[in-house]
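Student: Given the coordinates of chain A, assemble chain B onto it according to the supplied hints.
Residues per chain are reported as follows:
2 protein chains.
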Amino acid sequence: MFIEFEMERFQSLYENEVDYNLSDSGLHPLTIKDLLNEEEINHFLNMEIGYGYTQGDPVLLNHVAQWYPGQCENNVLITNGSAEANFILAWSLIQPGDEVIMMLPNYMQVPGLAKIFGASVKYIHLKEELGWHFDMDELQSLLTNKTKLISICNPSNPTGAVMSAEELKQLAALAREYDAYIHSDEVYRGSELNGNETYSCIEFYEKAIVTCGLSKSFAHPGLRMGWLVADESIIKDLWSRKDYSSICASVLSQYIAIKMMQPNTRKKIHARATSMLSTNVELFQNWLNTHPDLFSFVPPKAGGMAFVGYKMDINSTKFANLLRTEQSVLIVPGDCYGMDGYLRFGIGSPSDYLSTGLNLVSQGIKNIGY
Amino acid sequence: MFIEFEMERFQSLYENEVDYNLSDSGLHPLTIKDLLNEEEINHFLNMEIGYGYTQGDPVLLNHVAQWYPGQCENNVLITNGSAEANFILAWSLIQPGDEVIMMLPNYMQVPGLAKIFGASVKYIHLKEELGWHFDMDELQSLLTNKTKLISICNPSNPTGAVMSAEELKQLAALAREYDAYIHSDEVYRGSELNGNETYSCIEFYEKAIVTCGLSKSFAHPGLRMGWLVADESIIKDLWSRKDYSSICASVLSQYIAIKMMQPNTRKKIHARATSMLSTNVELFQNWLNTHPDLFSFVPPKAGGMAFVGYKMDINSTKFANLLRTEQSVLIVPGDCYGMDGYLRFGIGSPSDYLSTGLNLVSQGIKNIGY
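Residue numbers (this note's numbering), protein chains in the order written: chain A, 1226 to 1595; chain B, 1226 to 1595.
Just chain A, with the same shape it has in the complex:
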């Protein structure tokens, strides 16, 4: 059974066709010149472009590990983007007949893969009335001795909600009781609006497998740099899968990633993200205010996106397609999350670009009579 990855299909087909792409959930990227100094650029241009270490450059493994309390380089595997990290995790872990519990709404890659690999999938719903958190009692009611994996995205795509240390502790305790793995997609960690870094699940649970990368909070998707963080024995299993999926990651991207993951640079890049998003969340809120009573909105705590409910009598995909064809603006319809009546706006672009895009959305709203 194959299930199309709706959101990626939608983005793949249209993101380069529109004038205003508000479908992306990351931050606007920089250039190599912005990221490397002259000496580093010189080294970079003179590197032989041979095979890299298949687990990842040892220096990069070390820098990544340092961002996770208590982890070392044997706990890290470098991948082609966080997408490949999610893929390898799903492919390694999920067997036909497994039960897996997925947070919903979510980036729909792992739920899709879980079904493709033959698992039965249960959903734990984020609730708007809980500020897009989920209910631990509800999670407990879904757990059984067959539960292989609980998959979360924290900070959450698409809601931008952030789980507290207390919630993560409770989650770990529940998973431990049923001996389930936790997959924690943490690709939005580091872009918190209040500047307080989200706790990594790896701090709380020995069977946590973290996926992350440089595409979202780190703002550089074109590098295709991602990683997995887990117990050494788990990393070993994942690594032997990667031999089959892509062998290793670009040595050029790894060189840039080493710079980006140095603690000082990392902090600067995240401070830039926080500053851009703070401005843009305010801009977005002001835009929503120009359409009174049309939207419900819980402002995100992190991540480059805003998830809103709407009170317009139109299907979300239909509305997104109208915006695409008539206004040349791309946003993600709630249908991609099985949540019609909602829309996801990327808000990580430069403010003037975002502002012009949103004005075009207003025109689209007017055109359908609201």
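Heads up, a few of these hints could be off.
Heads up, the list lumps identical chains together, so a pair's fine if it works in one copy or across two of them.
Each computed DSS-like pair below joins lysine-lysine, with the alpha-carbon atoms no more than 27 Å apart [to be verified]:
| # | residue 1 | residue 2 |
| --- | --- | --- |
| 1 | Lys-1492 | Lys-1394 |
| 2 | Lys-1543 | Lys-1258 |
| 3 | Lys-1371 | Lys-1536 |
| 4 | Lys-1258 | Lys-1484 |
| 5 | Lys-1352 | Lys-1394 |
| 6 | Lys-1543 | Lys-1461 |
| 7 | Lys-1347 | Lys-1484 |
| 8 | Lys-1352 | Lys-1543 |
| 9 | Lys-1258 | Lys-1536 |
No wet-lab data here; the hints were simulated from the structure.
Tutor: Structure of chain B alone, referenced to chain A:
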């Protein structure tokens, strides 16, 4: 069922630990400064590192397509290395219960994946006495109405044999009779010692799926640039799998790949490969001559490797491990292909490096009493 990818495991674990890595089958790489001119470097350093097109940059699709007679950009999908191209092909095509026919010896990724995805695998053997070609009648005897896929590697890894147009026509006719796909791994195309480019299988068969990339004949594995070439309807299916496996390839690597795939540059890179290999095959043959009667050798027609049989009373993995631990030289044991009694030497490195490595192998041979 999971089967470790023995050769990649062996290389992953040891290739960075030895002084002389003769386990690689590609050509020695260049640097960005060698590949791009000043204007291109300036553009490259000032590119925003955002998401690329998920199918691949249209300019790159076009350049790749031009290398295949009769193909256009809709026939191409860009991947993270040819490894990901092979992976996506296997994952998309192979269902539990399928019969697949694999050339042996071969790069063992697709055979491993075929088993992992539940196929029953039959082997068509390359025969040393046929100059490492296979027998078409033997292939015919393996085909049934259940045969989903025939997988070849042409030019062949590890033997460097090249199939003729006539052989490819016969192969296509057989596959057509049984309505089977042909997977043709053509990553060594372009490094022919006589300078005559190998025919692509896509010229002969409508259900051929070609995998290729810049890691071997193009000499730049660190870019992780690969592609699939097939009928447009097949590419569409493969593309929707790629949404799940890694979304897209590095925009930096794609920019360099565009330059490399321009016809003039492509020809220069391949001429360099031909020249390096011609020198090194002669060097290798001279080295073999210093061990009379110990080896059997059919010189390769293309590709950065030499595959030899040996008459020493030692298991190939044991011998490779002795060379690794005692001489700090890495070569690939025939065991990785299910062919004990053979060894694969990478011969694409600079001649002095190869020569020193081979002298260390002689020392290893002497140490075991030959």
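Student: Next, verify each hint and record whether it holds.
Tutor: A quick look at each hint next to the structure:
Taking the shortest Cα distances, Lys-1492 and Lys-1394 sit within 27 Å of each other inside one copy (26 Å), while across copies they are farther apart (59 Å). Proximity of Lys-1543 and Lys-1258 under a CA criterion of 27 Å is satisfied in neither setting, with 41 Å inside one chain copy and 49 Å between copies. In this homomeric assembly, Lys-1371 and Lys-1536 never come within 27 Å of each other (Cα to Cα): the closest approach is 40 Å inside a single copy and 53 Å across copies. Taking the shortest Cα distances, Lys-1258 and Lys-1484 sit within 27 Å of each other both inside one copy (12 Å) and across copies (20 Å).
Proximity of Lys-1352 to Lys-1394 under the C-alpha cut-off of 27 Å is restricted to the intra-copy arrangement: shortest distance 20 Å within a copy versus 61 Å between copies. For the homomeric pair Lys-1543 and Lys-1461, the shortest alpha-carbon distance between copies (23 Å) is at most 27 Å, but the shortest distance inside one copy (45 Å) is not. When the C-alpha separation of Lys-1347 and Lys-1484 is checked against a cutoff of 27 Å, the pair qualifies neither within a copy, at 40 Å, nor between copies, at 48 Å. In this assembly of identical chains, the alpha carbons of Lys-1352 and Lys-1543 lie at most 27 Å apart only when taken from the same copy (24 Å versus 59 Å across copies).
For the homomeric pair Lys-1258 and Lys-1536, neither the shortest alpha-carbon distance inside one copy (45 Å) nor that between copies (56 Å) is at most 27 Å.
Checked against the numbered hints given earlier, this structure breaks hints 2, 3, 7, 9; the rest are met.
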